[in-house]
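Visitor: For chain A, the structure is supplied; the task is to place chain B on it using the hints.
Number of protein chains: 2
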Amino acid sequence: MDTKKLVVGIDIGGTNTKFGMVDRIGNIYVEENISTPFYRVFDDYINAVKDVIVKLEKNVENAEIIGIGIGAPNGNHNTGAIALAANLPWTGILPIVAKLQKFFPSTCIVLDNDANAAAIGEMIYGGAAKMRDFLFVTLGTGVGSGFVANGEMIYGHDGLAGELGHVIVEKNGRECGCGRCGCLETYASAPGIKRTVSELLSKSNEDSVFRHKSLDEFEAKNITEAAQNGDKIAIAAFRITGEILGLALANAVAITVPEAIFLFGGLAKSGNFIFEPTIAAFERNILKFWKDKIKILPSELQNKDVSILGSASLAWNSINKGSL
Amino acid sequence: MDTKKLVVGIDIGGTNTKFGMVDRIGNIYVEENISTPFYRVFDDYINAVKDVIVKLEKNVENAEIIGIGIGAPNGNHNTGAIALAANLPWTGILPIVAKLQKFFPSTCIVLDNDANAAAIGEMIYGGAAKMRDFLFVTLGTGVGSGFVANGEMIYGHDGLAGELGHVIVEKNGRECGCGRCGCLETYASAPGIKRTVSELLSKSNEDSVFRHKSLDEFEAKNITEAAQNGDKIAIAAFRITGEILGLALANAVAITVPEAIFLFGGLAKSGNFIFEPTIAAFERNILKFWKDKIKILPSELQNKDVSILGSASLAWNSINKGSL
Numbered sequence: 001m002d003t004k005k006l007v008v009g010i011d012i013g014g015t016n017t018k019f020g021m022v023d024r025i026g027n028i029y030v031e032e033n034i035s036t037p038f039y040r041v042f043d044d045y046i047n048a049v050k051d052v053i054v055k056l057e058k059n060v061e062n063a064e065i066i067g068i069g070i071g072a073p074n075g076n077h078n079t080g081a082i083a084l085a086a087n088l089p090w091t092g093i094l095p096i097v098a099k100l101q102k103f104f105p106s107t108c109i110v111l112d113n114d115a116n117a118a119a120i121g122e123m124i125y126g127g128a129a130k131m132r133d134f135l136f137v138t139l140g141t142g143v144g145s146g147f148v149a150n151g152e153m154i155y156g157h158d159g160l161a162g163e164l165g166h167v168i169v170e171k172n173g174r175e176c177g178c179g180r181c182g183c184l185e186t187y188a189s190a191p192g193i194k195r196t197v198s199e200l201l202s203k204s205n206e207d208s209v210f211r212h213k214s215l216d217e218f219e220a221k222n223i224t225e226a227a228q229n230g231d232k233i234a235i236a237a238f239r240i241t242g243e244i245l246g247l248a249l250a251n252a253v254a255i256t257v258p259e260a261i262f263l264f265g266g267l268a269k270s271g272n273f274i275f276e277p278t279i280a281a282f283e284r285n286i287l288k289f290w291k292d293k294i295k296i297l298p299s300e301l302q303n304k305d306v307s308i309l310g311s312a313s314l315a316w317n318s319i320n321k322g323s324l
Numbered sequence: 001m002d003t004k005k006l007v008v009g010i011d012i013g014g015t016n017t018k019f020g021m022v023d024r025i026g027n028i029y030v031e032e033n034i035s036t037p038f039y040r041v042f043d044d045y046i047n048a049v050k051d052v053i054v055k056l057e058k059n060v061e062n063a064e065i066i067g068i069g070i071g072a073p074n075g076n077h078n079t080g081a082i083a084l085a086a087n088l089p090w091t092g093i094l095p096i097v098a099k100l101q102k103f104f105p106s107t108c109i110v111l112d113n114d115a116n117a118a119a120i121g122e123m124i125y126g127g128a129a130k131m132r133d134f135l136f137v138t139l140g141t142g143v144g145s146g147f148v149a150n151g152e153m154i155y156g157h158d159g160l161a162g163e164l165g166h167v168i169v170e171k172n173g174r175e176c177g178c179g180r181c182g183c184l185e186t187y188a189s190a191p192g193i194k195r196t197v198s199e200l201l202s203k204s205n206e207d208s209v210f211r212h213k214s215l216d217e218f219e220a221k222n223i224t225e226a227a228q229n230g231d232k233i234a235i236a237a238f239r240i241t242g243e244i245l246g247l248a249l250a251n252a253v254a255i256t257v258p259e260a261i262f263l264f265g266g267l268a269k270s271g272n273f274i275f276e277p278t279i280a281a282f283e284r285n286i287l288k289f290w291k292d293k294i295k296i297l298p299s300e301l302q303n304k305d306v307s308i309l310g311s312a313s314l315a316w317n318s319i320n321k322g323s324l
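Those sequence lines, one after another, are chains A and B.
Everything in the first sequence is counted per our numbering, starting at 1 for the first residue and increasing by one.
Everything in the second sequence is counted per our numbering, starting at 1 for the first residue and increasing by one.
In case anyone wonders, no lab produced these hints; they're calculated from the structure.
There could be a bad hint or two in this list.
The list that follows gives simulated cross-link-like pairs (lysine-lysine, PhoX-like), each with its CA atoms no further than 25 Å apart [what the hints assert, rightly or not]:
{"hint": "1", "chain 1": "B", "residue 1": "K171", "chain 2": "A", "residue 2": "K295"}
{"hint": "2", "chain 1": "B", "residue 1": "K288", "chain 2": "A", "residue 2": "K293"}
{"hint": "3", "chain 1": "A", "residue 1": "K194", "chain 2": "B", "residue 2": "K171"}
{"hint": "4", "chain 1": "B", "residue 1": "K288", "chain 2": "A", "residue 2": "K171"}
If we strip away everything but chain A, and leave its shape as in the complex, we get (with noise of 0.2 Å):
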C-alpha cells in the first residue's frame, strides 16, 4: 500500500499553536493544539512541537510527512528564524528550521510570516494556483502583503520584503505603530478604517451610530454592519478607505505588474462595500496600458483555515519546486 505523503502546516500564535497534517490539495486530516506561552523556554517549546508531529504522523495510516511549514510573525524565510516578535513570549532570534531540522534531518522546513504563507497559500491551495505574478493583501489589525514575481515570492536582500502596509501614502498622516506617519496601514486596516470614521465624526454634521459609541466599543466588523443599514458615515468610511487603498495598489502595480490582487481578512470580507471604491480608485490611478486588466479578486483561502493551508503550502511549495 502507498503511503501517503502529507505535510505538517505549524501556526504559531502569541495564544496557541495550531498544527494540521494537510496534502497537496488541501484536504486537513488531523489537527492539533498547544499553548504558545505555557513554554517559558524556547527549547521547551521546540521539544513539545516535535512531540506533537510524531504524534501526528502516527495518527494518520500510512502516513509520511514530508514537509513541516511554519507561520509566525516576523518569521523569516531567509534565515530560518523568528526575530524580536513582539507577541511571543520568547525574545531575540529564535532558529526554529535550524532547532528542527536536528529532529527531523531529511524533512523540508520552511518558515515564513503570516501574510507571505498565507499568500503561497493562494498559489497551492486558493485563486493564484496557475498565477506566477500576484499580489495577496491581507486587510486586518494591520496591513500585510505577499508579491509574488516570476513564481517565486519577493523576499528582498533580507528576507522582510513585502511591506505594503508601511507604504507611506499620505505625507504627514496619520501616525503609525512603525514610528512615522502616513502609512496605509493607519488607513487601510481595521483600526485605520475605524479612525477614518472618527475622522468622518469630526467633519461632518451627518447622523452615525458611531456618535453614541466610543472608540473602544466597535469593531470594525460594526462598520460594515452600519453600512448595510445605510449609515453614511459608514459607507463614506468605506470610500475613503478604498481610494486610498486603490491608488497605493495602483502605484504598487506599476512596480510588479501581477495578474490579480487578492485581498483578504477583516476589511475583505466586507465585500462590496470596500472592494467596489477599492477597484474605481485603482483603475482611475493606474497607467493606461494596464487599465481593466488586472483583477482585484476576494482571497479563496477566506473561509477556510488559512492558518494550517498558509503554513502547509509553504512546505509543498517548497517540494515542488525541488522537484522540478
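Guide: Structure of chain B alone, referenced to chain A:
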C-alpha cells in the same frame, strides 16, 4: 585555437541602431551603426541588422557569436516584440526576436526595454555583480527602472513591470505625459527638475540665472552648473527633487527590499546635489529596520557605453542562467 565567445549588443534608438561585439567581462571588440529610420519597411531593417551581425562576426578573428541582446524602447522581454514605440518608424507590434531567430536559429536572442537592459548591465558588468536583489533607476528624459528580485528581473504578468517613474507621488500633482497627474517622472527627471526650477521662481524672490532664461533655453545640466555656482534656486530644486525621489524610493523598498539602489542618467551625474537630499529623504522615510542598510549608489555604468553593454548583458544573463 579556441574560439572567442562573444555576444552582439544592439541598441535600437529613434535615430541610430548601435551594434557592438562584447565579451563576458565587458570588453567591446567592434562597433557598428546604422540609421534606424532609413528602413521604412521593418523587414528591410531586420535584413540590415542581420547583415551587420554577420559582418561583425567576420571582423573578429576566431569569434563565435553565442548570443544577441537587443535594447529597444518598449521592448518586451516576455513577448520578444517591440510594441507601439512612438519614436521608431514602424507601427504596431514588431516581433523582432522571432524574425532574427530565423536567421540565427541556434543563437540565444533576448529583447528588453532600455531601462531593464541597463539594469541587467549593472548586474553583469557593474556594481550589482554579486547582488540578487537590487533596484536600478534611470533619471533622464523620463524615469525608468528595473527591479531585480531573487536574481531575476521582475517583468510582471505582461512584461511591462518596473514603471517606478509612473508611481503617483503627488495627488493632483503635475501633468504627466501618460495622461495622469503627479507621477514621479514629472519631478525626478531632467524635465521634472526644470519644472521645479520654474515653480521655485514663481514662489520665491531669490535671484537666479534662470530668471533670465526661458524654459526652452536651459537644460538640466545647467541646473547642476548653477548649483555649483551657488545659485540658491538651483540648489533648492535639487533638494526638492531629492525629497520626492527619496520618499518614492523608500516606498519602493518597502515592497522589494533591495541590497542597493543604483541611480543612472543625467540627473544622477549631478553627484551630491542629487544624492545628498535623496539619501536624506530616503533614510527619513524608511522603516526603521532598514535604516542605514540600503545603499543608494551611482551606477558603475555611468561613464561606459551603457547602450551596447546593457544590450549585450541581456544575452550574457540569459546564457549564464542556461548554464546553471
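Visitor: Taking the earlier hints as the rules, which of them does this structure contradict?
Guide: Hint check: 2 fails alone, others pass.
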